[in-house]
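Q: Listed below are the residues making up each chain.
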Amino acid sequence: MTGWHLDGAMLRRYVEQTDSLAEGASAEQHLLACAPCRARVNAAVDVIDLAAVWHRTRDAVEVPPPSVFERLLRVAGLPGHEARLVAVASAFRGVWLTGVAAVLAFAALAAAVGHARGLWLFLAVAPVVPCLVVASSYDPRLDPALEPELVTPYPALRLILLRTIAVLALALPTVLLLGLFIPTEEPFAWLLPAVGFVAVVLAASTWVSPLRAAIAVSLAWLGVVGLLEARAGSPVAVLQARAQAGFLAVAVASFLIFLLRRRRLRQLRPWR
Amino acid sequence: MVTASISLRGAGRAFGATRALADVDLDLKPGVTGLLGPNGAGKTTLLRLLATALPPTQGQVSVLEMDPQVPAERTSIRRQLGYQPQEIGFPRGFTAFAFVDYIALLKEWTQPAARHAEVRRVLDLVGLSDLGAKRVRAMSGGQRRRIALAQALLGSPPVLILDEPTTGVDPEQRVTLRTVLAEIARTSIVVLSTHQTEDVAALCERVIVLDRGRVRYDGPVTDLTGQAAGRVWLADEPDPNASVSWRTGTGRYRNVGTRVRDDAEQVEPSLEDAYLLLRAGSAENEPAAEVAS
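Protein sequence lines correspond, in order, to chains A and B. Letter 218 of the first sequence, counting from 1, is numbered 988 in this note's numbering, and no numbers are missing. Letter 203 of the second sequence, counting from 1, is numbered 355 in this note's numbering, and no numbers are missing.
If you are wondering where the hints come from, they were derived from the structure by calculation, not from laboratory data. The beta carbon of each residue, even a glycine, is placed where N, CA and C say it ideally should be. Take the hints with a grain of salt, since some may be wrong.
Ranges of calculated distance between the beta carbons of each label pair, as one might list FRET restraints [unchecked claim]:
1) B:Ala269 / A:Ser790: 53 to 61 Å
2) A:Arg844 / B:Ala269: 40 to 48 Å
3) A:Leu927 / B:His347: 33 to 41 Å
4) B:Asp177 / A:Gly1016: 32 to 40 Å
5) A:Val978 / B:Asp179: 47 to 55 Å
6) B:Thr209 / A:Ala846: 40 to 48 Å
7) B:Ala224 / A:Ala822: 51 to 59 Å
8) A:Arg911 / B:Gln210: 50 to 58 Å
9) B:Thr328 / A:Ala822: 23 to 31 Å
10) A:Leu927 / B:Gly320: 31 to 39 Å
11) A:His775 / B:Gly320: 21 to 29 Å
12) A:Val994 / B:Asp322: 43 to 51 Å
Examples of chain A residues toward chain B, derived with CB under 10 Å [as the list claims (entries may be wrong)]:
13) Gly773
14) Asp777
15) Gly778
16) Leu781
17) Glu786
18) Val833
19) Pro834
20) Phe839
21) Arg841
22) Ala846
23) Leu848
24) Arg854
25) Val921
26) Pro925
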């Protein structure tokens, strides 16, 4: 015995089960050896809800902790349960996301150090990254649990849009940050193409699979950038004001098509 | 109290030019109904129609007095439905608890404490309460089937659609699962497909035999078994005229469909005998149709 006892506030937290895991464990340890404190606990509570204590303990072991991305979504204001639904998509987890980030970082590095093809590489990669991540966040082929998901009451369309917004919220600031290091007068001019490509993928996935649409868009973009590089010696013409207006028009038109055809998305297709 | 029900009227499903299911008329009430049939008979297609995973291309389907073709009613059906697909994948890195918790979120269990308690309840029902924190990819096939069943049991739904729930599950667990399903079926409609006739015999009051997309038998299990009464014989030799004949563990031959020799011993038929007899009859009488899975 050390002469130390649970103070009033700690005892109240222990009884009300609002203490932290560490404090609770410390209190438990002390109570095992201290009869006076046990008596105070007995006096403070009629019956300790052992089931609740057990559930809390099991939660600590079984409930998976939120990922960094899930925590970010919660901070951004998304309710906890929806943050988890968005974050569990394979596109936001592990190897895939690391790979995309690495490709993007290498492209930015090449442009930043003034590599001959560095800017071309960055312009080729940056605008298509968001649409590829969006597509992989809801492509049925990348979702092994699609069948049981499909017959739940949660609206598939809402899930797709939430994941799309999450991708944009995650990818755009990252690429914007990398854009600061790119030696060009228009470091953020690829932003509108990126948003436009996401809208094109959403619209196109009412006909074909999202991943197929994203790959087609990426290849087309790569072709355009490559052609400009070969003919004009620089791909930045694609980011000039007139082209930007074109990307805006494509984005708006694609999103309208998506809204009109939303029930024909691949996941909903059986019931169209 | 309104009794839960499912009805199909002339229901069918085609995939392009291939008809997987045709002209199915069924009424289902609380209890366990077993679906038997060979591979490609249309069992999975029928279960997917009932589970609202697939719309019919012919006829009408009504689940709990609602029409799954109407989006709002389809959502309402899904709130009262548990479905275990034949094949189910698990996202990489998921534990058993995390997977069932994820499906619970999609089933609108938004309150964490209640959701976690429900996830534990269903994992306990399938005998996986101690493995909640284990990664699914490190589990055996039978354990994965039980996780798939657990997610279907969330919320004790009045309609439970199970596609081969006992495949790969060990005998002890199968007995446990039968007990669980029998209890659920006191108030819920449970429809399960299986290749295990002993599961149907032990669990189901009613059996539906599908073959080439059509219903070949629909009735009590005992009546189907009764159709083989007096037509199953044990003999020292196989009968070339029998509908089905195989060597048993004792070295004698079980002949179904006819009596071959005077020394043959008549035995009690099993559901498997009756099913094989029915299948043999279908094969003789019916031309093959253009039917897939």
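Q: Does each hint fit the structure? Answer for all of them.
A: Each hint, compared with the structure:
1. Remark: the range hint 53 to 61 Å for alanine 269 (chain B) to serine 790 (chain A) is contradicted by a beta-carbon distance near 22 Å.
2. A beta carbon spacing of about 22 Å between arginine 844 (chain A) and alanine 269 (chain B) contradicts the range 40 to 48 Å that was offered as a hint.
3. With their beta carbons about 37 Å apart, leucine 927 (chain A) and histidine 347 (chain B) fall inside the hinted range of 33 to 41 Å.
4. Taking 32 to 40 Å as the suggested C-beta distance range, the pair aspartate 177 (chain B) and glycine 1016 (chain A) does not conform, at roughly 57 Å.
5. The beta-carbon spacing between valine 978 (chain A) and aspartate 179 (chain B), approximately 40 Å, falls outside the hinted interval of 47 to 55 Å.
6. Restraint check, threonine 209 (chain B) to alanine 846 (chain A): a C-beta distance of roughly 43 Å satisfies the suggested window 40 to 48 Å.
7. The hinted range of 51 to 59 Å is not satisfied by alanine 224 (chain B) and alanine 822 (chain A), whose Cβ atoms lie roughly 38 Å apart.
8. Between arginine 911 (chain A) and glutamine 210 (chain B) the CB atoms are about 29 Å apart, so this pair departs from the stated range of 50 to 58 Å.
9. Checking the proposed 23 to 31 Å range against threonine 328 (chain B) and alanine 822 (chain A) shows it holds: the Cβ atoms sit about 28 Å from each other.
10. In this structure, leucine 927 (chain A) and glycine 320 (chain B) meet the distance hint of 31 to 39 Å, their C-beta atoms being roughly 35 Å apart.
11. Histidine 775 (chain A) and glycine 320 (chain B) have their C-beta atoms about 56 Å apart, which leaves the hinted 21 to 29 Å range violated.
12. Our hint of 43 to 51 Å for valine 994 (chain A) and aspartate 322 (chain B) is violated, since their Cβ atoms are close to 58 Å apart.
13. For glycine 773 (chain A), the shortest C-beta to C-beta distance to chain B is roughly 38 Å, which exceeds 10 Å, and the interface hint is violated.
14. The closest approach between the C-beta of aspartate 777 (chain A) and any C-beta of chain B is roughly 28 Å, which is over the 10 Å cut-off, so the hint fails.
15. Hint status for glycine 778 (chain A): violated, given a least beta-carbon distance of 27 Å to chain B, over 10 Å.
16. For leucine 781 (chain A), the suggested interface contact is broken, since its CB lies about 24 Å from the closest CB of chain B, more than 10 Å.
17. The interface hint given for glutamate 786 (chain A) is violated, since its Cβ lies 15 Å from the closest Cβ of chain B, which is over the 10 Å cut-off.
18. At about 6 Å, the closest approach between the beta carbon of valine 833 (chain A) and any beta carbon in chain B falls short of 10 Å, and the interface hint on this residue holds.
19. Annotation: interface hint on proline 834 (chain A) holds; nearest CB of chain B at approximately 5 Å, less than 10 Å.
20. A cut of 10 Å between beta carbons decides the hint on phenylalanine 839 (chain A): the least distance to chain B is about 13 Å, and the hint is violated.
21. Hint on arginine 841 (chain A) is violated. Least Cβ distance to chain B is approximately 15 Å, over the 10 Å limit.
22. Nearest Cβ of chain B to the Cβ of alanine 846 (chain A): about 18 Å, over the 10 Å cut. The hint is violated.
23. Against a cut-off of 10 Å between C-beta atoms, the interface hint on leucine 848 (chain A) is violated, since the closest Cβ of chain B lies about 13 Å away.
24. At a threshold of 10 Å, the smallest CB-CB gap from arginine 854 (chain A) to chain B is about 6 Å, leaving the interface hint in force.
25. Restraint check, valine 921 (chain A) versus chain B: the minimum CB separation of about 5 Å is within 10 Å; hint holds.
26. Hint on proline 925 (chain A) holds. Least Cβ distance to chain B is approximately 8 Å, under the 10 Å limit.
This entry does not satisfy hints 1, 2, 4, 5, 7, 8, 11, 12, 13, 14, 15, 16, 17, 20, 21, 22 and 23, going by the numbered hints stated previously.
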